[in-house]
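*Asks:* Spelled out, the chains give:
There are 2 protein chains.
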Amino acid sequence: MSKGLPKRSEDYSQWYNELVKRADLAENSAVRGCMVIKPYGYSIWEKMQAELDRMFKETGHTNAYFPLFIPKSFLSKEASHVEGFAKECAVVTHYRLKNAEDGSGVIVDPDAKLEEELIVRPTSETVIWSTYKNWIQSYRDLPLLVNQWANVVRWEMRTRLFLRTAEFLWQEGHTAHATKEEAMDETVQMMNLYAQFAEEFMALPVVKGRKTENERFAGADETFCIEAMMQDGKALQAGTSHFLGQNFAKAFDVKFATKEGGLEFVWGTSWGVSTRLMGALIMAHSDDNGLVLPPKLAPIQVVIVPIYRAEEELNAISEKANEIMAALRKVGVSVKFDNRDTHKPGWKFAEYELKGVPLRIAIGPRDLENGTIELARRDTLTKSTFDLSSEPIEIMIPKLLEEIQDSIYQKALSFRKEKTTEVNSWDEFQEVLNDKAGFVSAHWDGTSETEDKIKELTKATIRCIPLDQKEEEGKCILTGKPSQGRVLFAKAY
Amino acid sequence: MSKGLPKRSEDYSQWYNELVKRADLAENSAVRGCMVIKPYGYSIWEKMQAELDRMFKETGHTNAYFPLFIPKSFLSKEASHVEGFAKECAVVTHYRLKNAEDGSGVIVDPDAKLEEELIVRPTSETVIWSTYKNWIQSYRDLPLLVNQWANVVRWEMRTRLFLRTAEFLWQEGHTAHATKEEAMDETVQMMNLYAQFAEEFMALPVVKGRKTENERFAGADETFCIEAMMQDGKALQAGTSHFLGQNFAKAFDVKFATKEGGLEFVWGTSWGVSTRLMGALIMAHSDDNGLVLPPKLAPIQVVIVPIYRAEEELNAISEKANEIMAALRKVGVSVKFDNRDTHKPGWKFAEYELKGVPLRIAIGPRDLENGTIELARRDTLTKSTFDLSSEPIEIMIPKLLEEIQDSIYQKALSFRKEKTTEVNSWDEFQEVLNDKAGFVSAHWDGTSETEDKIKELTKATIRCIPLDQKEEEGKCILTGKPSQGRVLFAKAY
Numbered sequence: 004m005s006k007g008l009p010k011r012s013e014d015y016s017q018w019y020n021e022l023v024k025r026a027d028l029a030e031n032s033a034v035r036g037c038m039v040i041k042p043y044g045y046s047i048w049e050k051m052q053a054e055l056d057r058m059f060k061e062t063g064h065t066n067a068y069f070p071l072f073i074p075k076s077f078l079s080k081e082a083s084h085v086e087g088f089a090k091e092c093a094v095v096t097h098y099r100l101k102n103a104e105d106g107s108g109v110i111v112d113p114d115a116k117l118e119e120e121l122i123v124r125p126t127s128e129t130v131i132w133s134t135y136k137n138w139i140q141s142y143r144d145l146p147l148l149v150n151q152w153a154n155v156v157r158w159e160m161r162t163r164l165f166l167r168t169a170e171f172l173w174q175e176g177h178t179a180h181a182t183k184e185e186a187m188d189e190t191v192q193m194m195n196l197y198a199q200f201a202e203e204f205m206a207l208p209v210v211k212g213r214k215t216e217n218e219r220f221a222g223a224d225e226t227f228c229i230e231a232m233m234q235d236g237k238a239l240q241a242g243t244s245h246f247l248g249q250n251f252a253k254a255f256d257v258k259f260a261t262k263e264g265g266l267e268f269v270w271g272t273s274w275g276v277s278t279r280l281m282g283a284l285i286m287a288h289s290d291d292n293g294l295v296l297p298p299k300l301a302p303i304q305v306v307i308v309p310i311y312r313a314e315e316e317l318n319a320i321s322e323k324a325n326e327i328m329a330a331l332r333k334v335g336v337s338v339k340f341d342n343r344d345t346h347k348p349g350w351k352f353a354e355y356e357l358k359g360v361p362l363r364i365a366i367g368p369r370d371l372e373n374g375t376i377e378l379a380r381r382d383t384l385t386k387s388t389f390d391l392s393s394e395p396i397e398i399m400i401p402k403l404l405e406e407i408q409d410s411i412y413q414k415a416l417s418f419r420k421e422k423t424t425e426v427n428s429w430d431e432f433q434e435v436l437n438d439k440a441g442f443v444s445a446h447w448d449g450t451s452e453t454e455d456k457i458k459e460l461t462k463a464t465i466r467c468i469p470l471d472q473k474e475e476e477g478k479c480i481l482t483g484k485p486s487q488g489r490v491l492f493a494k495a496y
Numbered sequence: 004m005s006k007g008l009p010k011r012s013e014d015y016s017q018w019y020n021e022l023v024k025r026a027d028l029a030e031n032s033a034v035r036g037c038m039v040i041k042p043y044g045y046s047i048w049e050k051m052q053a054e055l056d057r058m059f060k061e062t063g064h065t066n067a068y069f070p071l072f073i074p075k076s077f078l079s080k081e082a083s084h085v086e087g088f089a090k091e092c093a094v095v096t097h098y099r100l101k102n103a104e105d106g107s108g109v110i111v112d113p114d115a116k117l118e119e120e121l122i123v124r125p126t127s128e129t130v131i132w133s134t135y136k137n138w139i140q141s142y143r144d145l146p147l148l149v150n151q152w153a154n155v156v157r158w159e160m161r162t163r164l165f166l167r168t169a170e171f172l173w174q175e176g177h178t179a180h181a182t183k184e185e186a187m188d189e190t191v192q193m194m195n196l197y198a199q200f201a202e203e204f205m206a207l208p209v210v211k212g213r214k215t216e217n218e219r220f221a222g223a224d225e226t227f228c229i230e231a232m233m234q235d236g237k238a239l240q241a242g243t244s245h246f247l248g249q250n251f252a253k254a255f256d257v258k259f260a261t262k263e264g265g266l267e268f269v270w271g272t273s274w275g276v277s278t279r280l281m282g283a284l285i286m287a288h289s290d291d292n293g294l295v296l297p298p299k300l301a302p303i304q305v306v307i308v309p310i311y312r313a314e315e316e317l318n319a320i321s322e323k324a325n326e327i328m329a330a331l332r333k334v335g336v337s338v339k340f341d342n343r344d345t346h347k348p349g350w351k352f353a354e355y356e357l358k359g360v361p362l363r364i365a366i367g368p369r370d371l372e373n374g375t376i377e378l379a380r381r382d383t384l385t386k387s388t389f390d391l392s393s394e395p396i397e398i399m400i401p402k403l404l405e406e407i408q409d410s411i412y413q414k415a416l417s418f419r420k421e422k423t424t425e426v427n428s429w430d431e432f433q434e435v436l437n438d439k440a441g442f443v444s445a446h447w448d449g450t451s452e453t454e455d456k457i458k459e460l461t462k463a464t465i466r467c468i469p470l471d472q473k474e475e476e477g478k479c480i481l482t483g484k485p486s487q488g489r490v491l492f493a494k495a496y
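Just so you know, the protein sequences line up as chains Z and A, in that order. Numbering of the first sequence is given in the working numbering, commencing with residue 4 and proceeding in unit increments. Numbering of the second sequence is given in the working numbering, commencing with residue 4 and proceeding in unit increments.
Extracted from the complex, chain Z is given alone in its bound form (with noise of 0.2 Å):
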């Protein structure tokens, strides 16, 4: 490595930019606003995608998959659902490109234009729920739970590695059943899920609550999320989890026939993280050295570093470090021995937390002689001497390994809870929002009007509504009038 990242301190956003490209997580491609995830951001991905996969499949949904091109007409069909993706798509309209006649090279043929033309999909509830038309007939079809991974683009003017991009990748689940209740309790279900994988794998705290009219999703009845907070004390919404009643299935005509005999419509919901977890998981841990990866998601868990002079060294050293690969790969630690002799121990140690890797192991001539190991943990930056007599290392590392992951989440924690501030006053929740940032609990009189005008004058939106916000009577801390319970504010990514 040349040199240090910026500090957090000193730049926030700098820091993220050039960590994401140092530590060979993505970076911005030749085509605006699209990125290229590299192989060791994509490994992270991939993790998070298996986890993922399987809590969708262990709570009943299978995968699929639907067109990338929707229709223009289709986008049109929910009146809310066009408003909210018209302006930021990329439109196909030809199918060929040919020679110039002037030499010039190729260009679009203006013979090959569409009849109608294909958006690149933004989402894919119109050509889904245009496909659930001829899926479902009965209440027999039902519920369809279906789940997608897929790219998707919005032509995001500012763009940022995983954050906002025109393409990301995502899931996108999208499920039909025969009443309202049932479609609630799987919107319900969906944000838990995503809250419970944020938590267990991310060791990501997040606040699970609904979406202010303002802040839904183009086309749905509510919306629930789930919200981070970064080390910046900047909110970042992580998932979200669609009710969408039965507009969808109103605009694309799907209705079933009930038990009973009746023909009534389907009642939906969507929902999706993408890769935009990745920018989250980056900014909620990582340090001024680089990337901090909870366990759970690191591609490589453990790092062993030879320390040697002389070849027979190396030799021995070998011996020691493939006894303690197999016993590791045997209750399934993912472990690399970077033996590689163009580098030196201080570079490697440098790279390893760059990239995060979550333990090192460093074995010397001094450490064979004595039957020990040194143990770096990344999130602490703490070493420690261990005695590989005192405990079999298959059962200490993975003891380790757990210990590091709760850790990682409790610290997140703690930070959480330090910057989430209770405010009653105008003054108090700008103040805050100034001076120590994060989330704002506040009352707010429940309407858009007041929503926006907070929004204008102080660039803090309405995170969430918290479901486990108990009811209290206060006062709009702009308007001043009443209100039944707090909502949580925050400058947001």
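Check the hints yourself; a few may be wrong.
Note that identical chains are pooled: a pair holds if it fits in a single copy or bridges any two copies.
[Unchecked claim] DSBU-like, lysine-lysine: derived pairs with alpha carbons at most 35 Å apart:
1) K347 - K116
2) K60 - K80
3) K183 - K358
4) K458 - K420
5) K323 - K262
6) K456 - K420
7) K351 - K494
8) K422 - K101
9) K484 - K116
10) K60 - K258
11) K90 - K299
Derived from the structure by calculation, the hints contain no laboratory data.
Based on the hints, put chain A in the right spot on chain Z.
*Replies:* Just chain A now, kept in the frame of chain Z:
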């Protein structure tokens, strides 16, 4: 099911189309040429993906993700590449819709025209080599062994579910090497890997070979392929591996510093298989009753159907079924117990035959008394009675599944042998193609003109120059000119 499938012998093409739809594998979408892969079809694709992905990783490859869009100018940088793909590509020209002023709905916003048009990737060599330019500086950065799972779009005019669709799913490997030899070794390795996958998992025998210049990938110096035979005697190209020489390195100026201090262009390969494999799998093995799935790719390997009249009978049968399920799951067999009371056993039998479940177990009250089960093999449509005390079921079933896997492969292999004919004259060539179809092994003079002429006259193309073809002097079947070895002709999908 309403009625039986069309028979293969009467209308092979219609049989295929109907089977794909009725077995819930895929269907056409509202978007011209784009398919919907239904949950059952997708679950087979997922099993293929999982095995291929494991094989790629075991040979040192890692996954990454590159942009969906390719700037028009990139496509033009490699001359033969643009020739091959420009005529059938989806072109993005705008990035926004807006409401029409006359209230007629949403229209493309003429003010949101892109400066440079973007092509939806038909394959990713160009965008990937433009990225590799930044990743590769020195021999230390090589080899670069990257794979991508993605969707691609080729604007095909005549489409067919799985076999030829405008959008399809695939994986594309793109590797970069320091030497020609290493790149060629990689090309051949991946062809071999594909052949191993086809034979071991798909139970599909394939011929490995080189493509003629006519049939080469646009931008490759050499294309290797695996060719399979379908039950109608037509060939299907099941996978390709391309030696790109330095073509893309030159087009995108990708050079590396050699160990010796020089500066040289990088050598490249690319290789891919797609959802087309689903078509091959279906066409190679299935019969007039429905799908025949090799056990290694079957989402459900064993189904248990209870045969009962009274409720008490079902209870006793369920107990036995649960016992069997637990024993089988423990050894990794995927098994489903279909205890629905809404469908009769006969209906279920037909349904699981249609879906290609390799083994069906039926249990009735008499089986309980006798300690037996009825076993039905999907591939041979044969039934037998198994005495549960004769051998533990968790040993018998995995053995039987292996036997089925092998038997499906052997059947396809025999069929291919039977349908492969050596001919030595033009009359014989035409006669075999018309009457018997299949692979025709014949001498050819090595020119593109003759190849084109034969295609024009017979619709047969050279599928490949088989790698295991022995040297043999002969005369071209069409021109009588001298030839050094036989090539494989066939009509193809």
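*Asks:* Work down the list of hints and note, for each, if the structure agrees.
*Replies:* Hint check results:
1. For a Cα distance limit of 35 Å, the shortest separation of K347 from K116 qualifies neither inside one copy, at 59 Å, nor across copies, at 52 Å.
2. For a Cα distance limit of 35 Å, the shortest separation of K60 from K80 inside one copy, 31 Å, qualifies, whereas the shortest one across copies, 44 Å, does not.
3. Taking the closest pair of Cα atoms, K183 and K358 come within 35 Å of each other only across two copies (33 Å); inside a single copy the shortest separation is 46 Å, beyond that limit.
4. Proximity of K458 to K420 under the C-alpha cut-off of 35 Å is restricted to the intra-copy arrangement: shortest distance 23 Å within a copy versus 73 Å between copies.
5. Taking the closest pair of Cα atoms, K323 and K262 come within 35 Å of each other only across two copies (32 Å); inside a single copy the shortest separation is 67 Å, beyond that limit.
6. In this assembly of identical chains, K456 and K420 lie within 35 Å of each other by CA distance solely inside one copy; the values are 27 Å within and 77 Å between copies.
7. In this assembly of identical chains, the alpha carbons of K351 and K494 never lie at most 35 Å apart, being 38 Å within a copy and 57 Å across copies at closest.
8. For a Cα distance limit of 35 Å, the shortest separation of K422 from K101 qualifies neither inside one copy, at 58 Å, nor across copies, at 41 Å.
9. Taking the shortest alpha-carbon separations for K484 and K116, neither the intra-copy value of 56 Å nor the inter-copy value of 47 Å comes in at or below 35 Å.
10. In this homomeric assembly, K60 and K258 come within 35 Å of each other (Cα to Cα) only inside a single copy, at 26 Å, whereas the closest approach across copies is 46 Å.
11. For the identical chains of this complex, K90 and K299 are neighbours neither inside a copy (39 Å) nor across copies (47 Å), given an alpha-carbon limit of 35 Å.
Checked against the numbered hints above, the structure breaks hints 1, 7, 8, 9, 11 and satisfies the rest.
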